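Participant: Assemble the complex: chain A is given as a structure, and chains B and C must be docked to it using the hints.
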Amino acid sequence: MTHTSVRAGRRRLELVRPESAEAAAAALGNGAVALAGGTDLVPLLRDGIVRAERLVELREAIPRGVHDGRVGAGTTLAELEASPEIPQALREACAAAASPQLRSMGTIGGNLLQATRCWYWRLKFPCYLHGGDRCHAREGQHREHAIFANAPCASAHPSDPAAALLALGATLRTTRRELPIGELYRLPTDDNRRLTTLEPDELIVELDVPAPKASTYLKAMDRQKWAFPLVGVAAARFPDGTRLALAGVAPIPWALDSSEAIDRATPLPGNAYKLEIARALVRRALEAVA
Amino acid sequence: MARLIRTEKEVEGRYEEVWLVVDEDALDQWPAGPREVVGRPATRVTGPLRARGEARYTADLRLPGMLHATVLRSPHAHARVNRVDLSRALAAPGVRAAIGPGEAHVLVDEVGFQGEAVVAVAADSYAEARAALELVDVDWELLDPLLDPDDAVRRGQVVTEPSRYERGDVDAALAQADVVVEAEYRTQTVLHNSLETHQAVCEWRGDSLDVHISTQFIWGIRDEVASKLGLPPDQVRVVCEFMGGGFGAKNGAGDYTFIAAELARRTGRPVRCMLTRREENVASGNRNATIQRLTAGARSDGTLVALAGEFVNATGWSGWPAPTDGPMKTLYDCENVRTVLSCAKINTPPMQAFRAPGYVEGTFGLECLLDEVAAKLDIDPLELRRLNYAHEADERPFSSKNLMECYRRAEPHWRRRDEVRARSEGPWKRGVGLASQVWYGGGGPPSYAWVRVGSDGRATVVTAMQDIGTGTATAMTQIAAEELGLPIDRVGLVLGDSARGPYASISAGSSTTPSMGPAVRSAAADAARQIVGIAAQRYDKEERILSLEGGRIVSADGGSWPLEEVVGLLEDAQILGKGARGPNPAGMQVLTFGVQVAEVAVDVETGEVRVERVAAIHDVGRVVNPLGASSQVEGGIIQGIGHTLSEERLLDPETGIVLTQTLDAYRLPTIADTPEIVAELLDIPDEHLTNLGSKGLGEPPIVPTAAAIANAIRDATGADVRSLPITREEMLRALRDAHEREGRPEKVGARTA
Amino acid sequence: MLELKINGGSYEVEAPVGRTLVETLRDGLGLTGTKVACGEGHCGACTVLLDGVPVYSCITLVHTVGEREVTTIEGLREHPLVDSFVRADALQCGFCTPGQIVTASALVEASPEPSREEIRHAMVGNLCRCGAYPKIEEAILAWRG
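Residue numbers (my numbering), protein chains in the order written: chain A, 369 to 658; chain B, 52 to 804; chain C, 17 to 161.
So that you can see chain A by itself, here it is in the shape it has in the complex (with noise of 0.2 Å):
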């Protein structure tokens, strides 16, 4: 374990390397913070969105690559973009997911807990998600928010993987259990705002992709690449039947139970459209997938 301090400014910041999953989630908690691939955690932290007095770094610490459907979580998204040994919907939405040079740093462990892009969250408005009374975005400019379980914050999530994993039916193994991917997220309520259910200490170490019959992740967004998605599908066709699950359109990485299941949507003013981009990539999904 390595240890770096030197003075910042008015605070201390520190560094340590462990070489363990478990020596890692030990050190997390009172003001440390984990650090895999930084490409969220780095702005936020100058932001001072996140707090920290220090940082745990992951890479020696985090299992890395692909064996036989287990993911290490320290395993890159331009890893998995190039891995034949996972599905296609999780290997697509890693292409379309930011750019090749975050998809280079960031980990799919990192890429699960990425923080919403609502721009009011980001400029620190005082919103809900941020512990304030409202969501800025419901009244506001909330074109590329939620339209499901939109109420009482519009934020949408925007990981691309993480639909195409919860399509998949993913198990994670972190530091403490298993459990679906499902079960890693919630919704933000009164006495709790956060999106996940992970543990200040707790860490992903391992993602159990199964193997479909077939499964592929299309995306609509703002630019032909490098962009969030302002809809994202993943369809998972197994031998019980076909998962969907749905990007941009919620707090949380979205299931569908079915394809009527979109008219359950509660679009805003502003995102309506959403909807019909919803409904046509669905469509095309299944088609896909058949």
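No wet-lab data here; the hints were simulated from the structure.
Values in this document were obtained by computation on a predicted structure and should not be read as measured data.
Ideal placement from N, C-alpha and C gives every residue a C-beta, glycine not left out.
One thing to keep in mind: the hints can contain errors.
Unchecked claim - If you anchor each label on the Cβ, the simulated ranges turn out as follows: (1) L100(B) to T565(A): 51 to 57 Å; (2) D229(B) to R651(A): 42 to 48 Å; (3) L157(C) to G207(B): 55 to 61 Å; (4) N560(A) to D188(B): 30 to 36 Å; (5) P128(C) to R181(B): 39 to 45 Å; (6) G399(A) to L157(C): 49 to 55 Å; (7) V418(A) to P478(B): 37 to 43 Å.
Facilitator: Same frame as chain A, but now just chains B and C:
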């Protein structure tokens, strides 16, 4: 011989009457077509330095002892500063100075937009300066922001009085028109986002100030800084050797220069003030949004009889009237035209010039309107434009206009539309659209250059201009090489420093090449005459039979000598040529023209729009460097695609806070959004314009792109998109409207007499 | 004290935890060829290679670089891509160009004859506001001269 004249000067479409001292422009233009160097592709003279990361931009400057400034900018769109307490900030580690409202004229105590500067801090490091800002205590009194431009105009809250224009009798003409089309178009606020943010490093040397700045106008900065600080202009030196993009937003000194100058004065140290990307996107200007309520009347044969427009520019807290009404006045031969342009003063960041300001927005409205007229009359859109071709406007002849030739050269691209439409497949509908372009770009005096030739037979052009990335340094080098009969690698160029060369033009309004090029040629010709004079004495020949070609002195009677042999006689002496830009042709309009043909594919189920191909044909006079020119055309079109499809500054409707400050939320086009681009330039010298016949090319290519794409979308889908950007939301809305309209004989807002 | 391997050399730098790699390169070591244009991992101007892989140095903390070899534009000045970018006129203001070349160098290392589609996929994280994209594509296609 210098001459004093009273003349009109134009920058970015704004004319003013000025006195100008001009030099005669005695040289005849070169014949049309490629020369030895001019008119042939040349790679960028600064290319290797830039590509190798060796070019030193303002951002790369590190002066000994330099401090870093940060700026506390208003987080509110409209507020009063009741009290500022700098004491905690001043006590913070590394802080050397802090200034508040009134201590530099750009720091204010009542803010009219988010991002307006209130306090600035200088510290040993950027991190310390940034940390200190959090210790500044400001007591804000929030005021209601006014954000709606229509509302502001209704209340008379405007930046300048509305400007009205009328020729003929629009109402009478509309009453007699066979068809009248009315439509409302909207364009969004667009952010420049040059990759090098706005910044300056200021250093005092006694009573003199050095300003290193990322700028489009070295001499304008010198005058603005001198005037605001009460210094004689020659005590301000402005330096900008390499510049990381401007697109119109870097014409002035900005608050950062004055902040750096004041903090440098107080600390006795050089101070850098550099905007972050987020500051850039609130405090450095924008292309203002517009609302355009337009009417066109036409006869059934396609003759336009009336054009009318009510234009509202959402100018922001301050700014000038970008001529959104310009294209309607100048593009077509229409006897009856009426425009009103209002500039709303609202609590949003002030506009700045952005690549053909006003004309980009106005062309979108007008050229979409023309296609709606063409559709109603069932006339081919290209034919409609030919039918209404303007041979002159306001009784002032064009110095040159070859738009008809542009239309002719557009035909092969336009004829592809049957084949393009036939490639529609499933939800993907394909179509083709076109739009015309008119813009300024004639440049003007004053501009000067010197050319120095030493005994090594190499020439150096010296002029205090800037190359903002458009490639003008290369064009100037080519022009000098051509005139001196030298290969381009024997000509150097010194630019970017007001202390090291004469006055040079602003790089805005597509004016650098047409302003500087003739001055450089004239300086090179002066040097060439002197060389010929020396050669005549050395070889005992008459001057009139000697010329400079291919690095040699060539005599018409057969002899030739290497240039070095003659100038080698100089030893430490130098040949110094001096040149100036002559006047623009009196009584003429100098304009650029063009047409673009866009091919698009639209996924009608998801609203996705892909631009697949754009053919651009522009008439900008003589083309000095076809390679660099094609890059300008491509770049303009790609920026135009961003403007059309993905870029939009969004405000929180309640507070007026800019929500799209970062480049994940504000979507610039990427390499994956780039269509096939076919760039054709007519390369016909303007015989009336200077010794070069070249107009500017920086802006024309962005002007018609949005309208061409929107018209292609209509061709593909039948949907009228009248609002930029054409996001998926807007595209799906327009498709829904078109669908609902089916079965109804009349278009919304249109009537047939 | 940190030890960094940069462009084949070894450097000792002092930096507080939290400092980014690009701050160290530009301010600490004077390697100003790497540019900063957004500072938050959105534009690509700051791209460098870590063990041959393009990353955004503006959001890479210098303490996480470790043993990995850093390659900046200063280490690629003799790369054929520099010439091909100039030949194709694949730069205008040039501020994004070092980052473009760094990213492209990794692409042509992995795929010496990239298709247009591969180029667009690999280069999409490097924004160019001047819009030199068509010529960037040409420069990479013709990188070997």
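Participant: So, for every hint listed, does it hold in this structure?
Facilitator: Structure-based check of each hint:
no., hint, verdict
1, L100(B) to T565(A): 51 to 57 Å, "holds, 54 Å"
2, D229(B) to R651(A): 42 to 48 Å, "holds, 45 Å"
3, L157(C) to G207(B): 55 to 61 Å, "holds, 58 Å"
4, N560(A) to D188(B): 30 to 36 Å, "holds, 33 Å"
5, P128(C) to R181(B): 39 to 45 Å, "holds, 44 Å"
6, G399(A) to L157(C): 49 to 55 Å, "holds, 50 Å"
7, V418(A) to P478(B): 37 to 43 Å, "holds, 42 Å"
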